[in-house]
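Novice: In the order they appear, the protein sequences are chains P and F. Quick note: the first sequence uses the working numbering, first residue 1, plus one each step. Quick note: the second sequence uses the working numbering, first residue 1, plus one each step.
Hints should not be assumed to be uniformly reliable.
Below 30 Å or equal to it, Euclidean Cα-Cα: the simulated DSSO-like pairs (lysine-lysine) are [unchecked claim]:
| hint | chain 1 | residue 1 | chain 2 | residue 2 |
| --- | --- | --- | --- | --- |
| 1 | F | 213 | P | 18 |
| 2 | P | 121 | P | 55 |
| 3 | P | 180 | F | 224 |
| 4 | P | 153 | F | 85 |
| 5 | F | 213 | P | 109 |
| 6 | F | 9 | P | 66 |
| 7 | P | 55 | F | 212 |
| 8 | P | 153 | F | 9 |
| 9 | P | 308 | P | 282 |
| 10 | P | 129 | F | 377 |
| 11 | P | 155 | F | 13 |
| 12 | P | 109 | P | 155 |
| 13 | F | 212 | P | 155 |
Over 10 Å on every C-beta distance to chain F, these chain P residues come out as not near it, computed from the model [claimed, not checked]:
| hint | residue |
| --- | --- |
| 14 | 77 |
| 15 | 136 |
| 16 | 183 |
| 17 | 252 |
| 18 | 261 |
| 19 | 272 |
| 20 | 280 |
Think of the hints as simulated: they come from the structure by calculation, not from any bench. Virtual Cβ for every residue (Gly too), placed ideally from N, Cα, C.
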Amino acid sequence: MKNVIDVKHLTKSYKSNKAVDDLSFAVKEGEILGLLGPNGSGKSTTMNCILSLLKFEAGEIKIFGKEMAPDAYDIKTKIGVVFQDVAVFDELTVYGNIDYFCGLYIEDKAMRAQYVEDALKLVGLEENKSQYPKQLSGGLLRRLNIACGIAHKPKLIFLDEPTVAVDPQSRNNILEGIKKLREDGATVVYTTHYMEEVEILCDRVIILDHGKIIASGTNDELKALAKIEEKVTIEIPDLAPEKLAGFDKIKNVSEVEYDNGILKIVYRKGKNNLIDMMEYLKENKIHYNKIFSERPTLNDVFLELTGKELRD
Amino acid sequence: MTVSKAFWKITAKNIGTIITYSIILIMFGSMNMSGNSTTVEYEAVRPNIVVFNHDEERGITKKFLDYLGENADIAEGYEDDDELKDALFYEQVSVVVDIPENYSQDLTFGRKPELRLRSSAGYVAEVSKAMIRRFVTTAESYAALSLSENVIVEKLDNALKTDVKVEVRGAVDASRYAKATRYFSFANYSILACVITIICLIMTSFNRQTIKKRNLVGGIDIRKMNRILLRNSCIYSALVWLLYVVVGFIVIGAESLLNMHGLLYVSNAFVFCIFATTLAYFISSFVTNTGAVNGIMNVVALGSSFLCGAFVPAEYLPEGVLAFAHVLPSYYYIDANNKIMLLENDNFDAIWPVLLNILIVLCSSVVVVIITNIISKKRQKIA
Ligand SMILES: Nc1ncnc2c1ncn2[C@@H]1O[C@H](COP(=O)(O)OP(=O)(O)OP(=O)(O)O)[C@@H](O)[C@H]1O
Ligand SMILES: [Mg+2]
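Chain P extracted, bound-state conformation (with noise of 0.2 Å):
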């Protein structure tokens, strides 16, 4: 497959804060990549460093094979954006809003008509077209800022942040939206500081910290390099420290940990390792109250390799 960007030792500093480090990676067609990381790892520097709207001291850039600048225009009417800020006008409605941004793009109007009720569509803001900005819920407006920035139906979209301070139910309907745009054949750059988004959403993964790439790949690759297999949390109301013993002695465990009622053992390796779990508890008549098993998380990974949790 075609690199649709192609990055290689940018680096970015603001003063003596080097925001991104010599940064390489390419971003192929088709794919939904998830750019993960901590708040300020550099992150939205990234991004906007690949946009041109950031002067940069080294590095190249490479859209659609293309050396990217801020005058390459061929590039730009081919790319979406979505910033982490909401960027509407708060004197247009939703639809004028949407009908601008597309409008810098797309000069046919029948067409362009159609490309913004497709983006109401597809961000569910049907019923909400004639409001404006200051009407809508937080929510809300943020799935318009999404709907400005993919309105155009570009090949290639940048999305940062776009469900921070998003409800559950709203941030699931994004990502189905997010999906969808893929299917339609777009290739995307999702930044964001929320795992489960990446592992629900993302086909590769590039994990920044401090600016600089601490790992990628698809999730399980990534999960590997957690080096655990399994995660298994049991709450036990109290434990006879005898039998706390007995449970590091169980086939595959590698790490016992019993704190306020609830234990939590990590497997590093093995398989069916619930069900001599179970059999254990059963034989040596340990009362508890709910067991359930995990894989490792992108946290895992992270704290794998960084000794620190992805969020604080």
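Following the hints, put chain F with the ligands in place on chain P, whose structure we already have.
Specialist: Same frame as chain P, now just chain F with the ligands:
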């Protein structure tokens, strides 16, 4: 295309502002606040004048005293200064003339001696001063030909006889234009309000960092976009001008505007609209928040209208205020309207002072454009 559309949509959203200021203009601009009736009869124009002659009563001075006696009522019995001041304030006396020593002789030898004039506020005083100016300029122009005192007096006799008739007509005409001056001077407020509000609102919207970023990544050249915005701003200001000209024709009456005076009023207003546009651009070069636009507009429009005499005739304002007003283009715009009112003939010499005022406003616009460019260049560097 899409930029123009957004421009006019935002304008349409704020149409209420334009209507409000137009109504204010129609209401107050056509009202007479100066205290003088706009339909002054010629009889009423015959002003009261106090004369202190320090020269001998002969030659040109004698001629001057006769001339004043013919065109005004010479009031007697004012001796002390306070009394005079009160009389001027209450408009019992329009002008106090002090004729200096050797006036006739100095004038003859082209030394242009100065009369000391103290005048009351308002229209009658303006007419009186114009009447006095006429005598002085006519006499000075003969003196410039190196004629003898006697010949000058003779020539003045003839020249002023014909001129007196002009004086009569001039007085009536001036009162006829009082309404137009009132309207167009008040328009200072409405033009500034309408032009600044809309253009600043639109420019601050487009200049907002978030919107700017999105426009920058859009498939359109940002410089081209700025040009489109500028073009539409100019069209908008021209429409505001047109609106107020049309409203003016209705309120004032077309018959007093379809002539040289009308042309000057309308041109003066047009140049002032150009200035208002540049001022709006200047304001939006540093205002980033749409909420601040209204506040600034009020300070600028209300402030300049008060200081420069759009609401209250300038003569009523304290001298310090008036001195400050001289740095504001609004002053020259309103002053031009006053001068147009008192114009008596259409020759270039008469019109020149008005054109000069219009030119000053035009030059101010150029200065504002230059300052705005410097500011926005500086801001671009920081960004
Ligand atoms: N305009 C700026 N001036 C100075 N420093 C900046 C500026 N913008 C960002 N930075 C710094 O650059 C670094 C990267 O910031 P960036 O906004 O790219 O992070 P981010 O990953 O997008 O964070 P968030 O999740 O909060 O949006 C941070 O240390 C930040 O303080
Ligand atoms: Mg960010």
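Novice: May I ask which of the numbered hints given earlier this structure violates, with the numbers listed in increasing order?
Specialist: Hints 2, 3, 4, 6, 9, 10, 11 and 14 not satisfied by this model.
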